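Peer 1: Chain by chain, the residues run as shown.
There are 2 protein chains.
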Amino acid sequence: MGHNACQLLQPQYYGFMKQHTKQRLLTPGPSPVPSEVLQEMAQPIIHHRTKQFRAIFGELSRLLQKIFCTDGPVLSITGSGTTAFEATQVSLAEPGTKVITVANGKFGERWQDIYDQYQFEQVRIELPWGQVPSATQIQTTLEEHPDASVVTVVHSETSTATACDIQAIAEVVRHTDALLVVDGITSVGAIPIDMDDWGIDVVVSGSQKALMLPPGLGYVALGPRAVERLSQFKPVHTYNLDIRRWLTPWYAQDVPFTPPVSLIRSQRVALEMIQHAGLRNTHQKTAQLAAATRAALTAWGLKLVSKSPSDSVSGAFYPQGIEDRPFRSILRDVHGIHIAGGQDGRMAEWSGEIFRLSHMGYVNADDTLVALNAIEKELIERGCAIEKGSAQAVAGKHLNNLDR
Amino acid sequence: MGHNACQLLQPQYYGFMKQHTKQRLLTPGPSPVPSEVLQEMAQPIIHHRTKQFRAIFGELSRLLQKIFCTDGPVLSITGSGTTAFEATQVSLAEPGTKVITVANGKFGERWQDIYDQYQFEQVRIELPWGQVPSATQIQTTLEEHPDASVVTVVHSETSTATACDIQAIAEVVRHTDALLVVDGITSVGAIPIDMDDWGIDVVVSGSQKALMLPPGLGYVALGPRAVERLSQFKPVHTYNLDIRRWLTPWYAQDVPFTPPVSLIRSQRVALEMIQHAGLRNTHQKTAQLAAATRAALTAWGLKLVSKSPSDSVSGAFYPQGIEDRPFRSILRDVHGIHIAGGQDGRMAEWSGEIFRLSHMGYVNADDTLVALNAIEKELIERGCAIEKGSAQAVAGKHLNNLDR
Numbered sequence: 001m002g003h004n005a006c007q008l009l010q011p012q013y014y015g016f017m018k019q020h021t022k023q024r025l026l027t028p029g030p031s032p033v034p035s036e037v038l039q040e041m042a043q044p045i046i047h048h049r050t051k052q053f054r055a056i057f058g059e060l061s062r063l064l065q066k067i068f069c070t071d072g073p074v075l076s077i078t079g080s081g082t083t084a085f086e087a088t089q090v091s092l093a094e095p096g097t098k099v100i101t102v103a104n105g106k107f108g109e110r111w112q113d114i115y116d117q118y119q120f121e122q123v124r125i126e127l128p129w130g131q132v133p134s135a136t137q138i139q140t141t142l143e144e145h146p147d148a149s150v151v152t153v154v155h156s157e158t159s160t161a162t163a164c165d166i167q168a169i170a171e172v173v174r175h176t177d178a179l180l181v182v183d184g185i186t187s188v189g190a191i192p193i194d195m196d197d198w199g200i201d202v203v204v205s206g207s208q209k210a211l212m213l214p215p216g217l218g219y220v221a222l223g224p225r226a227v228e229r230l231s232q233f234k235p236v237h238t239y240n241l242d243i244r245r246w247l248t249p250w251y252a253q254d255v256p257f258t259p260p261v262s263l264i265r266s267q268r269v270a271l272e273m274i275q276h277a278g279l280r281n282t283h284q285k286t287a288q289l290a291a292a293t294r295a296a297l298t299a300w301g302l303k304l305v306s307k308s309p310s311d312s313v314s315g316a317f318y319p320q321g322i323e324d325r326p327f328r329s330i331l332r333d334v335h336g337i338h339i340a341g342g343q344d345g346r347m348a349e350w351s352g353e354i355f356r357l358s359h360m361g362y363v364n365a366d367d368t369l370v371a372l373n374a375i376e377k378e379l380i381e382r383g384c385a386i387e388k389g390s391a392q393a394v395a396g397k398h399l400n401n402l403d404r
Numbered sequence: 001m002g003h004n005a006c007q008l009l010q011p012q013y014y015g016f017m018k019q020h021t022k023q024r025l026l027t028p029g030p031s032p033v034p035s036e037v038l039q040e041m042a043q044p045i046i047h048h049r050t051k052q053f054r055a056i057f058g059e060l061s062r063l064l065q066k067i068f069c070t071d072g073p074v075l076s077i078t079g080s081g082t083t084a085f086e087a088t089q090v091s092l093a094e095p096g097t098k099v100i101t102v103a104n105g106k107f108g109e110r111w112q113d114i115y116d117q118y119q120f121e122q123v124r125i126e127l128p129w130g131q132v133p134s135a136t137q138i139q140t141t142l143e144e145h146p147d148a149s150v151v152t153v154v155h156s157e158t159s160t161a162t163a164c165d166i167q168a169i170a171e172v173v174r175h176t177d178a179l180l181v182v183d184g185i186t187s188v189g190a191i192p193i194d195m196d197d198w199g200i201d202v203v204v205s206g207s208q209k210a211l212m213l214p215p216g217l218g219y220v221a222l223g224p225r226a227v228e229r230l231s232q233f234k235p236v237h238t239y240n241l242d243i244r245r246w247l248t249p250w251y252a253q254d255v256p257f258t259p260p261v262s263l264i265r266s267q268r269v270a271l272e273m274i275q276h277a278g279l280r281n282t283h284q285k286t287a288q289l290a291a292a293t294r295a296a297l298t299a300w301g302l303k304l305v306s307k308s309p310s311d312s313v314s315g316a317f318y319p320q321g322i323e324d325r326p327f328r329s330i331l332r333d334v335h336g337i338h339i340a341g342g343q344d345g346r347m348a349e350w351s352g353e354i355f356r357l358s359h360m361g362y363v364n365a366d367d368t369l370v371a372l373n374a375i376e377k378e379l380i381e382r383g384c385a386i387e388k389g390s391a392q393a394v395a396g397k398h399l400n401n402l403d404r
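Protein chains in written order, with the numbering used here: chain A, 1 to 404; chain B, 1 to 404.
If we strip away everything but chain A, and leave its shape as in the complex, we get:
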């Protein structure tokens, strides 16, 4: 099968090559992928029903357990983080039964939408965007609804750059019959979450955030109470997303359906890199990038979107007069800096109102400083009363001991 390679390099598909500006992806997923991992994506395809695949898959599972801080199974499910979360929702409780759901941003709202879709009875804790649920609030709700079988909480709410105290919440839920299901999609690998130590029953995450992979894999880590629940319960309205179908083969380093082989082998490489850097060091680096970013945003006089900022992602409201789309286009097209805007939900409409920068995964001090300097320059050019160099001055302090 002949092929003209030039056809494959049409500029519209390789926009980055038109100019030589270095591209920096500071969006909160997808996040940048290291070359070592990208190269692994290009390895020849292997069959998934082989010893070689099982060796890779077994090693991936072992590395995932370290990142999730658990001795229990961590399933690799083909799909997005949403796929993996839906799988836990439909596999751990029966439609019609009572669940407690916390929403303090777009993703919490999405998990409520999914439960609605399946006609669960929901006790909803709904908070203004940027705020967090307290352990006391959840304790009270559990006392009022002792028949609730599951509590879902978002650890790091990407849409509002907000993190809650999931350790304190776990301490409450573990003493009840309800399972705690945590959306760790932008927390696992970025900020501390010690699943087993803290007694969390289920943690869900995705490949394209702190885990430095392209999108396409979702993860579900199961504690002993969750595994026990799965053995008692037979979900009705699902097939692919029945967690039990993934759990049984997992013990034999196997998968129920053809898996995305390239992503699985690449995720192993990415996690080996995190392991090599050290999980705690990675958390610390992420926290420093976040502290530096918050210092710059504050120095510019901007209002942070969160009252309890997450270290995974930072967000601020635009100053008066700055238009979201053209502002982010200039950053991207002129500076090569890719940041995110805001999202709309039931409780808030932040599209056009805020911007967000990710600190997850393969982002370092240089990337962050370059981004902050570019944002500063463009804000000043649009008339904001900001002193030139103020980002560098305040953010630099937080980043002095970090690799460039």
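Only true hints are included.
Subject to a maximum C-alpha distance of 27 Å in a straight line, what follows is the list of computed BS3-like cross-link-like pairs (lysine-lysine): (1) K234/B - K234/A; (2) K98/B - K234/A; (3) K51/B - K377/A; (4) K234/B - K98/A; (5) K377/B - K51/A.
Calculated from the structure, these hints are not laboratory results. Note that the structure is predicted; figures quoted are calculated from it, not measured.
Got chain A; can you put chain B on it based on the hints?
Peer 2: Frame of chain A, contents of chain B only:
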């Protein structure tokens, strides 16, 4: 983040490198992936909410329409072929309503299992493995059950290397109110299936078969009657797999959830290669490889598993005394030839009984001849009364005009 590259080249993960035997993947999915496509997998990650991604996704959709022979939407769903098929099942009819399902192999049985899981009322047409449903049989069943809303048929049943006359079946179903949903997972891109011309309502396929990509994407092509049905019908027990959620953004070159960006851009490249080679030429090549393989299997005195062989994959029963696992291990470890064994289902247990070779995607005449010669050699060594060189003699005739 420092990293020692040597760690990434541990022999257990790169089994192929221990010896320099060229590896040939003749398994019916995953199938081999061309280097051009693998290299595209290693491209830097881009964000999916960008013009650049939409240009790629739009182009992919346009190429998919050509391969599926349709002017309608072809959705790219994150997951396996099973994910995509389940999505159509749960999105086009309501649990409790009547569907007609045909099973003549493991995959047909799986689609029945999924309908069972969702508690649909099924009218089952069950055939011995290796046989095909006739258009008349489906017509009679539709006359008996005019209230059936969907008919599902597997075009090329991979487990039994069998293809049915889907054109004739479509001609029957199109004159009724039922939608025809076709499993084209090992037919699209390999054997002719003219969706619009033949009046098929839905065709489902997967990335890792004839479309020359690693696994991780499933496709759902929708004809006008299927689009109309989706507008009338609101599926209850699903979120991710609600086809309507994927269809609405599709018209704007967009996706509802974070997509596997690397696979999407690589699938575009693979389809461009098929386009360049020509779809009809690709069908013809596949048919010639299949004819050559069947000629060799027959010349050796083996019994084909199918009474209506598919050109996507060929299968034969092992001769007396040949043990499946050690036989395929020798082929793999000594010859670098990867073929598939049999599968078990409700109607047959072919695991250990048969072997299968794929003709889909990036497999050529050389790969096929090398595989047949290796199989012949190992059969002779195990005492089969086969004349040396008989594969070459009969298969070669079919392959003379093909690229090597």
